[in-house]
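The residues making up each chain are set out below.
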Amino acid sequence: MADMILQVNHLSKSFGSHEVLRDIDFTVSKGDVTSIIGASGSGKSTLLRCINLLEIPTSGEILYHGENVVGKGFNAPAYRSHVGMVFQSFNLFNNMTVLENCIVGQVKVLKRSREEAKAHAMQYLEKVGMTPYINAKPRQISGGQKQRVAIARALAMDPEVLLFDEPTSALDPEMVGEVLAVMKNLAQEGMTMLVVTHEMAFARDVSNHVVYMNQGVICEEGTPADVFGNPQRQETKDFLARFRSN
Amino acid sequence: MEKFVQLTADIAKLWAKYGGSYLTGMRNTLILALVGTVIGCLIGFVCGVLNTIPYTQNDPLPKRFLLKLIRVIVRVYVEVFRGTPMVLQAVFVYYGLPYFTDNALKFSNIWAAAILVVSINTGAYMAESVRGGIISIDPGQTEGAKAIGMTHVQTMLHVILPQALRNIMPQIGNNFIINVKDTSVMFIIGFPDFFAAHRAAVGASYLYFPSATVEMAGYLTMTLIASFLLRWVEKKMDGSSNYELVQTDQLTMTAGTYNHPDKGTPFDEHSREYQAERKGHSGKEGR
Numbered sequence: 001m002a003d004m005i006l007q008v009n010h011l012s013k014s015f016g017s018h019e020v021l022r023d024i025d026f027t028v029s030k031g032d033v034t035s036i037i038g039a040s041g042s043g044k045s046t047l048l049r050c051i052n053l054l055e056i057p058t059s060g061e062i063l064y065h066g067e068n069v070v071g072k073g074f075n076a077p078a079y080r081s082h083v084g085m086v087f088q089s090f091n092l093f094n095n096m097t098v099l100e101n102c103i104v105g106q107v108k109v110l111k112r113s114r115e116e117a118k119a120h121a122m123q124y125l126e127k128v129g130m131t132p133y134i135n136a137k138p139r140q141i142s143g144g145q146k147q148r149v150a151i152a153r154a155l156a157m158d159p160e161v162l163l164f165d166e167p168t169s170a171l172d173p174e175m176v177g178e179v180l181a182v183m184k185n186l187a188q189e190g191m192t193m194l195v196v197t198h199e200m201a202f203a204r205d206v207s208n209h210v211v212y213m214n215q216g217v218i219c220e221e222g223t224p225a226d227v228f229g230n231p232q233r234q235e236t237k238d239f240l241a242r243f244r245s246n
Numbered sequence: 001m002e003k004f005v006q007l008t009a010d011i012a013k014l015w016a017k018y019g020g021s022y023l024t025g026m027r028n029t030l031i032l033a034l035v036g037t038v039i040g041c042l043i044g045f046v047c048g049v050l051n052t053i054p055y056t057q058n059d060p061l062p063k064r065f066l067l068k069l070i071r072v073i074v075r076v077y078v079e080v081f082r083g084t085p086m087v088l089q090a091v092f093v094y095y096g097l098p099y100f101t102d103n104a105l106k107f108s109n110i111w112a113a114a115i116l117v118v119s120i121n122t123g124a125y126m127a128e129s130v131r132g133g134i135i136s137i138d139p140g141q142t143e144g145a146k147a148i149g150m151t152h153v154q155t156m157l158h159v160i161l162p163q164a165l166r167n168i169m170p171q172i173g174n175n176f177i178i179n180v181k182d183t184s185v186m187f188i189i190g191f192p193d194f195f196a197a198h199r200a201a202v203g204a205s206y207l208y209f210p211s212a213t214v215e216m217a218g219y220l221t222m223t224l225i226a227s228f229l230l231r232w233v234e235k236k237m238d239g240s241s242n243y244e245l246v247q248t249d250q251l252t253m254t255a256g257t258y259n260h261p262d263k264g265t266p267f268d269e270h271s272r273e274y275q276a277e278r279k280g281h282s283g284k285e286g287r
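Protein chains in written order, with the working numbering: chain A, 1 to 246; chain B, 1 to 287.
Don't read these hints as lab results, they were simulated from the structure. Beta carbons are placed, not taken as given, at the ideal position from N, Cα and C, and that holds for glycine.
Which chain A residues stay away from chain B? Per the calculated CB distances, all over 10 angstroms, these:
no.: 1; residue: D3
no.: 2; residue: Y64
no.: 3; residue: R112
no.: 4; residue: R114
no.: 5; residue: P173
no.: 6; residue: M175
no.: 7; residue: N185
no.: 8; residue: C219
no.: 9; residue: G229
Straight line, CA to CA, 30 angstroms or less: simulated BS3-like cross-link-like pairs of lysine-lysine:
no.: 10; chain 1: A; residue 1: K108; chain 2: B; residue 2: K63
no.: 11; chain 1: A; residue 1: K108; chain 2: B; residue 2: K235
no.: 12; chain 1: B; residue 1: K63; chain 2: A; residue 2: K72
no.: 13; chain 1: A; residue 1: K108; chain 2: B; residue 2: K236
no.: 14; chain 1: A; residue 1: K184; chain 2: A; residue 2: K237
Which bits of chain A does chain B cover? Going by a derived footprint, with three or more residues having C-beta under 8 angstroms, they are:
no.: 15; stretch: 47 to 59
no.: 16; stretch: 121 to 133
no.: 17; stretch: 136 to 142
Whole structure, please, built from the sequences with the hints as guidance.
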């Protein structure tokens, strides 16, 4: 239990009268690579956004090393700097170059020196293979390249856990591979990751824990072998059958 | 035709006598418009940022109350100064101060009064432009900044405002050009701008139309130069559409890993034979 990073207890979220998440419980421990799968509208992304406090949960708690981050007066910016996030639509800062994108957070939030931040950023940009493009603006590079920079930007903050919100859904098919390769590398290096994805192969082969969500609740969870190989619930079977037939 | 000859002669006559005061007037107009626009933009940015500080039902009551109050104050300021003519605002401010203080306080400096009026007037327009500029930025930019732990102020300063500034640059240019022309109403409080020079010149010479021609040409010249400069600034802000690929020697083999298809053939430039032959060649050339 000592290496537990996040613990979500009875989390619920409503938009008006529409209840998107109902009584969600799950934990993230150090080194876990958790894939959250499910149909569109099942609440996967909302769950991820709640964990990063981009959405405020209606009820329930999220414990970060035992401390509830949902409570009033909690320092959300400081917490977010430990929990990285990669978005479906990249969200790179359009007014900065690739390198600046990876430096600004380190300098302004973590108060690192510019030189240190630059060296650190270059290290991660190299990891995602984007060093030749450090002087380019986001509008000048392709979607896959943007997402790799976004991953480097998140990594440069040295987060304890990295959240991925459908990182490949906005990409052309031929660019999906380059992003998944980077993510696979990270997983193998022991990065703690929480991935909302429609890439079933990634969920099955790379993650060590799979959560299937349906209509705002966790329907089934377990190891990839269990969920994909031997699903217990009918909803899970139906969902996976749709993917197999493709 | 002879009318144009006459006009040219009249303008020459005016210019000979009042050329200096026209030029001083133009300089004053430009300085007033520029300073007023810059300060007005700063006011607009402060109002625009204050207006867009987000709050949720989870925030403590005093914070929500304060933010609501700020929005109301900014709203009133915008509506009042956007909804009244600048010429009246000038009179109102310039004569209001001594009226209320029984002449104990008045504007000893006409520049201060004029700059104040132009600035708060421009600020009222810019507050709305800046608000529009901020909400035009993709919410994803804010989320990206939040996700790496930036506070609201940091997000604004480093991510949102630089992009909003670029988007509202045409608006700022608009305001500057409007100010170049509309500062002509400042003659009402005795400010010596370009239009005041016209009034002084025609008061003595009665050459109304020739002086008006000079004014028209003068204002048009100033605004054309201004819009040319603004285009240039916008282009500068966009930056180069090219970028340099940085060669990091990722493909260059380091020592010990040297390998290529020519290895072991006579064309292998790293082989002893090739090196020896090259030495021989250069040796011959040397002689």
